[in-house]
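Colleague: Below, each chain spelled out in residue letters.
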Amino acid sequence: MARPRSQPGTAEPEVVEPQVRPETEPDLPTHPAPRPREMPRTMRELRMQRERRPRTAGQPLENPLREGLRLERVPDPAAFVLFGATGDLAHRKVIPALYQLWRTNLLPHEFCLVGLARRDYDDDDFRAMIRTTLEDHARIRPLDETAWRSFSERVVYQRLEFGDAAAYDALAVALDERDRVKATRGNRLFYLATQPSAFAEIVGQLGRVGLDHEVHGGGWRRIVIEKPFGHDRESAYRLNREVGKVFRESQIYRIDHYLGKETVRNLLVFRFGNGIFEPIWNRRHIDHVQITVAETIGVEGRGQFYEETGAVRDVLQNHLLQLLALVAMEPPATFEADALRDEKLKVLRAVAEPRERDVARDVARGQYGPGWVNGVPVLGYRQEPDVDPDSETETYVAARLEVEDWRWSGVPFYLRTGKRLSKRATEISIQFKEVPHKLFQESVSDPEPNVLAIRIQPDEGIMLRFGAKIPGLGTEVRSVTMDFTYGSAFAVDSPDAYETLILDALLGDASLFTRADEVEQAWGIVDPIIDSWANMPAPDFPNYEAGTFGPPEAEALIERDGRRWRRI
Amino acid sequence: MATGRNGNAPSGGRSADLPGTRQVQGGPIAIEGAGRPGEPSLRWKSRARSIEQIEQELVRIWAQPNLTAVVEGAPGRHIAARTSVMNLVVVARRPETAQRAAATIQMLTGRHPSRTIIVSPADPDGPSWIDAQIEAHCMLPRDSAPEVCAETIFMTVGGDAGRHAAAVVAPLLVHDLPVTLWWPGNPPFRWGITDLLDLADRLVVDGSSWSENGLDRLRYLAGIASLDRIAIFDFALVRQSRWREAIASVFDHPELLAYLRHLRRVAVTYASHDQADEPLGTNVVKPVYHVAWLASRLDLGVRKALEPEPTARRAPSGRAARGLATRRGWTASLGDGRAGTGVVIRPIGSSMPGGTTLRLELLAERRGSELRVDVTAEAEIVRARVWRDGVEALDRHFQAPRRTDLNLLAEAIEAGGRDPVAQATIRCAGELAGGPIAPPLESHDAGYHGRSESQRADPRHNDGSGVASPPP
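Read top to bottom, the protein sequences are chains V and C.
Just so you know, the numbering used here puts the end of the first sequence at 568, numbered straight through with nothing missing.
Just so you know, the numbering used here puts the end of the second sequence at 472, numbered straight through with nothing missing.
In case anyone wonders, no lab produced these hints; they're calculated from the structure.
These numbers were taken from a predicted model, which means no experiment stands behind them.
Ideal placement from N, C-alpha and C gives every residue a C-beta, glycine not left out.
Warning: the hint list may mix true and false statements.
To be verified - With a straight-line cut-off of 25 angstroms between C-alpha atoms, the simulated SDA-like cross-links for lysine to any residue are:
#, chain 1, residue 1, chain 2, residue 2
1, V, Lys227, V, Val327
2, V, Lys182, C, Asp395
3, V, Lys182, C, Ala393
4, V, Lys346, V, Arg233
5, V, Lys469, C, His175
6, V, Lys245, V, Glu295
7, V, Lys433, V, Asn450
8, V, Lys182, C, His397
9, C, Lys304, V, Pro64
10, V, Lys182, C, Gly390
11, V, Lys227, V, Gln195
12, V, Lys182, C, Leu394
13, V, Lys182, C, Asp176
14, V, Lys469, C, Asp176
15, V, Lys182, C, Arg388
16, V, Lys346, V, Arg283
17, V, Lys423, V, Thr481
18, V, Lys182, C, Gln399
19, V, Lys182, C, Glu255
20, V, Lys227, V, Ile530
Unchecked claim - Per label pair, the in silico range of CB-to-CB distance:
#, chain 1, residue 1, chain 2, residue 2, range
21, V, Ala333, C, Gln56, 51 to 57 angstroms
22, C, Gly159, V, Thr481, 17 to 23 angstroms
23, V, Met536, C, Glu411, 56 to 62 angstroms
24, C, Ser351, V, Val181, 30 to 36 angstroms
25, V, Thr481, C, Gly337, 55 to 61 angstroms
26, C, Gln56, V, Phe466, 29 to 35 angstroms
27, V, Arg139, C, Glu255, 23 to 29 angstroms
28, C, Leu406, V, Asp338, 38 to 44 angstroms
29, V, Val269, C, Glu378, 35 to 41 angstroms
30, V, Arg139, C, Ser351, 35 to 41 angstroms
31, V, Glu330, C, Glu411, 31 to 37 angstroms
Only chain C is shown next, with the shape it has when bound in the complex (with noise of 0.2 angstroms):
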């Protein structure tokens, strides 16, 4: 790797030196083997300290006439343009996770963000600095298009800059064009985030990777989709497209979509590996998504937030009651203003990873007639029955893949504008998980973890919105 043999790399995300490149000391690196398309290179490398420097490297990548890709029979080939899409900002608050974060974006050279500035905080104490490396990398959509090209900023911001990322960020980022932030892993919402959202059209996240029950999270998150004014793209939310394509299938069939307004009760399981005096430390972010959905587009309201089931009684012998190991798991209510729906997420053991989704069943009572929907997954396919009064309906297979990071993330910067669906979706997800908390906290001190439940729980913390406030 380029940066390990000069020993002088910043210490955040990395990508490695592509095959058929070589590097050249602090700025174009030479092409010695044909581009072929669909495969970026490494075309530019250098370093700078400060912000000045990073945009005069930025000034120089694209004032170098001879930079060149040699095609298979088209020699000479001048670089045609940097793409102008879009600016993407992550946040990598560990050296593995921009790393990981790196690669990923690396794969979409040509295919999306015209400039990526990778930030890792590093020692807050101590005077500011900023540690850069600039990279610019090329592809060749296909042979017949013109060569496309993006550039990386790994950046790591020590000392006063690293708590004012925003002020770090801001300059670099590409004028007029949309802004997306990716958060990978656990966004600190209580911390420093605030001002990066000022700057964002779109904030992305995966909700499965939050770390414990991923609940809080979730209510820090839906404040921020209730300010309707930043987009939020979430891989948990749209890793299941698949299971909802299926459940919206079913009530494609008018006979059957007349049941819809009539749910009675949902119900999802979903995989855990809780041991038993730990039992809900899973992250149900997935199953609840399932829930929100639901409810946001049947316009149910949430009458009761979730809460633990009731602990399974134990026998006198101390040894857990029968039943124990399905019994354990999250109750919820729904409710349009005439009938409720009851709501059980509950978790089973199962290999599969914490927090996957492994079956979601549906109950509606339509005048004396009961539907039953139970959908389910396997491999890459959905699976969808139904029974009408106890017959079976309908029986429907859909194949669909699951999506790896890299689909999601091109998939969250080529979606424009905000989905008003995933909207109300985290939105009612945070109202399921206890209720929104809206950001900016203002308050580092006493931050969402600082507050005791009954903080939480607290309508004075809450302005009224149905979004509650930070604590003072």
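Excised from the complex, chain V in its bound form (with noise of 0.2 angstroms):
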């Protein structure tokens, strides 16, 4: 029998061998034993027994060591094969995110860090460039370089192109090593930071080197795809059908950052780990819900991705529809993947899809003109590089939803997204309903109806707006706000979304990523949107300025309900 040798400075190996002695024989019998007296005879004594036994004798389902650590698992060694590797997305997210949590000693010590791309680079080169985009996008700077050392060291690159067969048999070989090397032990995870175009060319390739088994004792083997997942309905039914011949379901993480922002996460802690809310979460206290992702920025250099993107594809599709999914849903059974997302589904398909003659009134788009912006001047859309100068793309849209079920029914969603608006601010604003009967009439301001804003960015946190009496002989109210911020409460930095959602990649934990089904209603409902406007003349574009609200349009969309967009 091997005997585990005595490490440098540490105890002898002679300890393995204590003087004492189990009391009783350690292995069960292989026979029948003869009844002992203390075998319970009445269904008092075998009730009693039982009391004494252990809950968790016997076979052990789950490792009862593992309650109460950290995380409810460490990450299996593993490689973190990153495709597009020398791209915006891995270097500005992915990277930063991987970098922060070795800091943080949140990676497996067997861990190597794979990038591939069409660049003709090498270990080294590959290694600079990371360093210098981390010195740039790294949540804590400047770089630990103790961490930068031991994590650059598990770095390497390798040239391919997605199309080329050869390099994926390359790429095979490579990893192989890598497990003897690094001892990744045949884990792998291929994160695809890569255009959409990309994702079936390279998940097919995976599969024909067979890049995608999981076999017994040889590892496991993730892919994390990044949205946009298709461009409508159909097209995301057939790349998950792609997909889905290579990976099953299980095996595939389709990431929508938004899911891995602290508050969001928080948001099902709010709703249902806290006794006063979900009482009056529902159609009788609740007159409506807004849900905003205004951005400052416009489209970054990016133009031609957005003529085919537009504000429904890229934020409608998926951070909107998943935020009101998890307002909307109801309590899952367990906190686990399948029974969320279960949740999350039925809420899309109780959203109703819109009408053609519904979406002229009850979806507003806009794009935006020239304006100033941060006290800067900006370009309008149609200037911006690579953007059509007679382009009907959309870069803001506003739509009013509504979740056909027991709970939700009557009650709008208003939604809304937009580039280059005033200001930068994501939330999720839900407006209780008037008290029945005014008793403070004699006051000067009526008090406005209680709203709990939950601010996703920035400055996460939570806010309930009420009304207050103002200290004085008279009984004038008006509204004052109970604020919560995470920076004040905690004051410790959350972690980035990435970091969280490839943390949980790699712990095999798809709670926070989205179901094929669920893309796929998702474009169920925008398809309809996008279809009516094909149908209708062109809009009149611009027809907001940038560095405002957003266009009349959106305005009219909510006034017409008697209500108005909270002043983000």
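If you follow the hints, you should be able to join the two separate chains into one complex; please do so.
Modeller: If you want it as structure tokens, here you go:
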């Protein structure tokens, strides 16, 4: 029998031979033992014996040592295979997240990052590129030199044209070599930080060389796909089918980074971890819901991409509908991935698909013209590089949707998103119904309805607005706010969404990733909007000035219901 | 240091004036430089000699309309708020303990305690007196965040009042915020702590800093844990989480998990600087926690509490027998009703601080198959190696730096509620140490250390709940 070798500076192996012997024989008998005297004979004895018996006796299903530890599970040794490793997404988000996870010891020691891209780099070039990236984009700067050194030792680069079959053969060999050198045990996470058009090709090639195969004892294989998942329902279905030919659904992690944000995750805790909100979280108490994703940035040099995408595909189909699903869903039975995603899917199925005549009334679109943002003059959308001067692509969309189920019937959900707005803000606002009888009519100002605002960015936090008496002899009422901000309550930095999601993918937890049926259902909601617009006359774009709150059509959409947008 | 210049300092802990500040007479501190995110600055300092005066000073701090921080690019930023997180009460029986505690807490400004009260009992004879210094530190968590402030009260209490610390502390607690009681060094579990525990939601200690082998205090701590009313955070237990991560990771593998219920032996080796004539004087709280954690997670009861391993025989010449250095230690036995698990906790000469765990070994036997687990730590790496029937089955490294007192205190006061795993581990550790002893101890004259071994073992001092009662 092999014996553990002594470690330098530690104990001698002799310790494994203690003098104490177990007080009973360790092995269970292989044949029926004679009935001992203490064997229970009555029902009461049997019950009492079972009460004394540890509940977990017998074959354990879960590791009992895991309870209470920092993570439910330390990620397995793994190779992180990054396609599009020299691209913008990889350098702004994925690599900084990996470095931060490494720096905080949340990645396994037996870890390596394999960068794949078309550029003709060697390992040192790629490491130097990463170093520069991290100096600009790492969440905690300056870089921790010790952490960087150990991280960079685990980084390698391989040139790969996405359609080059031979390169994938070489990749398979290289990954086997990584398993040997870095003890990554055959576990591989493929991360596609590439143009969506390359997804199907990459997945097909991975399948061809067998890099999708999970064999017993040979490690797991997972694939992370960045949005957009398709261009419409049909293309999403095709993409899911293509990916599904190679990877099982349980191996696929579709990333929507909004789901990894701290406040979004807190939304579940807020709703289902507090007793006071869920009882009023329904049509009887809530007047309407507003969800806003406002950006000050424009298309940031991605004119060509945005021309084919627009605000509906870029934000409404994924971020906004995912937030809507989290706000409106029923409590899941468990916090497991599929239980959560089943409930979100039910909500998406309950959202009424807009009909053509509804689109004209319930959806407003806009495109920014020139203006001033953050004190700086900015171009209009049509003047942006790689944008058609007569473009009809929407940079703003506001929609009124209804969730037709028992809980939400009759409660409108107003969703809006836009580029080049006056302020960057993402917020979910729950507006409660007014009191049934206005008791304080003598007050100069009517108390406003209660609002619960969940801010996702910036200044993540939760705000509750309610009426309070102004100090003095009269009975004047004014709205005041109770404000919770993550910064002042915890004063610790929240992890970046990518850190959360990458760690979850390495741990095999798909709770915060979207499932194929969710994606297709969400396309089912936005496809009729896009189709209807295609059948309408050309819009009168641009219809809002950069640096404003959006087009007047959006104001009209909500004012028609006697409501108004929350000022962001 | 400001207090030194005044010459009227209480004898308790102090924090040095921070760069960029200067003191004015009993009140606000004018800021000379621009505040930088993450760096606390002293903004208020004053004195008081009664609870009423302390309360008045605290009110004065927040009544100052012109307490402003000058931040680069944003002059005149008003102090936003005191943090509303918790009260921290520190009992420091020695000035140097108070000083160390204050320095640690100051680094947490803006992150945690809303109000810190550092109590130093002084001469118990004579009339009661209080000498307090009130300070406010403020910090910008980051450029874009509002500034947050925290108060610190250094209080030296003499005379009779020193014996009633709770009566002095209670009126100063921020209403409706949880109270954490941090007792650095050796908590005097046998006197004076009970009334403070009544105020507290959480008790923070460092078992690895206790004098002698620490087992007696562990019994008292387990007694407090058994009350299930107060959360306990022991730095000694938390420091070892990196070991627990590594051990747990072994059994994440389904094929190895099946062995976990068939542990036959647990051996822990710890660093010792003991002399040969005082073989078991090293603090063993950390090694005991390893065993207690495993036992509590696996529902293994303590069949036989820790007792010294039989002393090694001496050779006729009077020289120590061969192998003496590794033969002394502690043994115990665990069991779950079916089989027993032997426990050995054994010292070995090492340059590491006494009581540091050096190695943990597990032996499990299941259906004729044997599993050996060997976990070691070196610098920031914990290594777990596993052999199944003599064949290596796993070899993993975990990068896990040791945590500082600052990290641990931050974690202690960040964590909300009781950690059932920690509570169960501490209770089990108490069982291993000889059985928990319940607070309160009503008699100061016949405290725990006044009891003989036989008294401690006497079942008449046990109320039947598994927790020994204090002596009459």
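Colleague: All hints, please: hold or fail.
Modeller: For each hint, the structure was consulted:
| no. | hint | verdict |
| --- | --- | --- |
| 1 | Lys227/V - Val327/V | holds (21 angstroms) |
| 2 | Lys182/V - Asp395/C | holds (12 angstroms) |
| 3 | Lys182/V - Ala393/C | holds (16 angstroms) |
| 4 | Lys346/V - Arg233/V | holds (17 angstroms) |
| 5 | Lys469/V - His175/C | holds (23 angstroms) |
| 6 | Lys245/V - Glu295/V | violated (37 angstroms) |
| 7 | Lys433/V - Asn450/V | holds (7 angstroms) |
| 8 | Lys182/V - His397/C | holds (11 angstroms) |
| 9 | Lys304/C - Pro64/V | holds (23 angstroms) |
| 10 | Lys182/V - Gly390/C | holds (23 angstroms) |
| 11 | Lys227/V - Gln195/V | holds (9 angstroms) |
| 12 | Lys182/V - Leu394/C | holds (14 angstroms) |
| 13 | Lys182/V - Asp176/C | violated (52 angstroms) |
| 14 | Lys469/V - Asp176/C | holds (23 angstroms) |
| 15 | Lys182/V - Arg388/C | holds (22 angstroms) |
| 16 | Lys346/V - Arg283/V | holds (17 angstroms) |
| 17 | Lys423/V - Thr481/V | holds (21 angstroms) |
| 18 | Lys182/V - Gln399/C | holds (14 angstroms) |
| 19 | Lys182/V - Glu255/C | holds (23 angstroms) |
| 20 | Lys227/V - Ile530/V | holds (18 angstroms) |
| 21 | Ala333/V - Gln56/C: 51 to 57 angstroms | holds (55 angstroms) |
| 22 | Gly159/C - Thr481/V: 17 to 23 angstroms | violated (48 angstroms) |
| 23 | Met536/V - Glu411/C: 56 to 62 angstroms | holds (58 angstroms) |
| 24 | Ser351/C - Val181/V: 30 to 36 angstroms | holds (33 angstroms) |
| 25 | Thr481/V - Gly337/C: 55 to 61 angstroms | holds (58 angstroms) |
| 26 | Gln56/C - Phe466/V: 29 to 35 angstroms | holds (32 angstroms) |
| 27 | Arg139/V - Glu255/C: 23 to 29 angstroms | violated (38 angstroms) |
| 28 | Leu406/C - Asp338/V: 38 to 44 angstroms | holds (41 angstroms) |
| 29 | Val269/V - Glu378/C: 35 to 41 angstroms | holds (39 angstroms) |
| 30 | Arg139/V - Ser351/C: 35 to 41 angstroms | holds (37 angstroms) |
| 31 | Glu330/V - Glu411/C: 31 to 37 angstroms | holds (35 angstroms) |
When held up to the earlier numbered hints, the structure conflicts with 6, 13, 22, 27 and fits the remainder.
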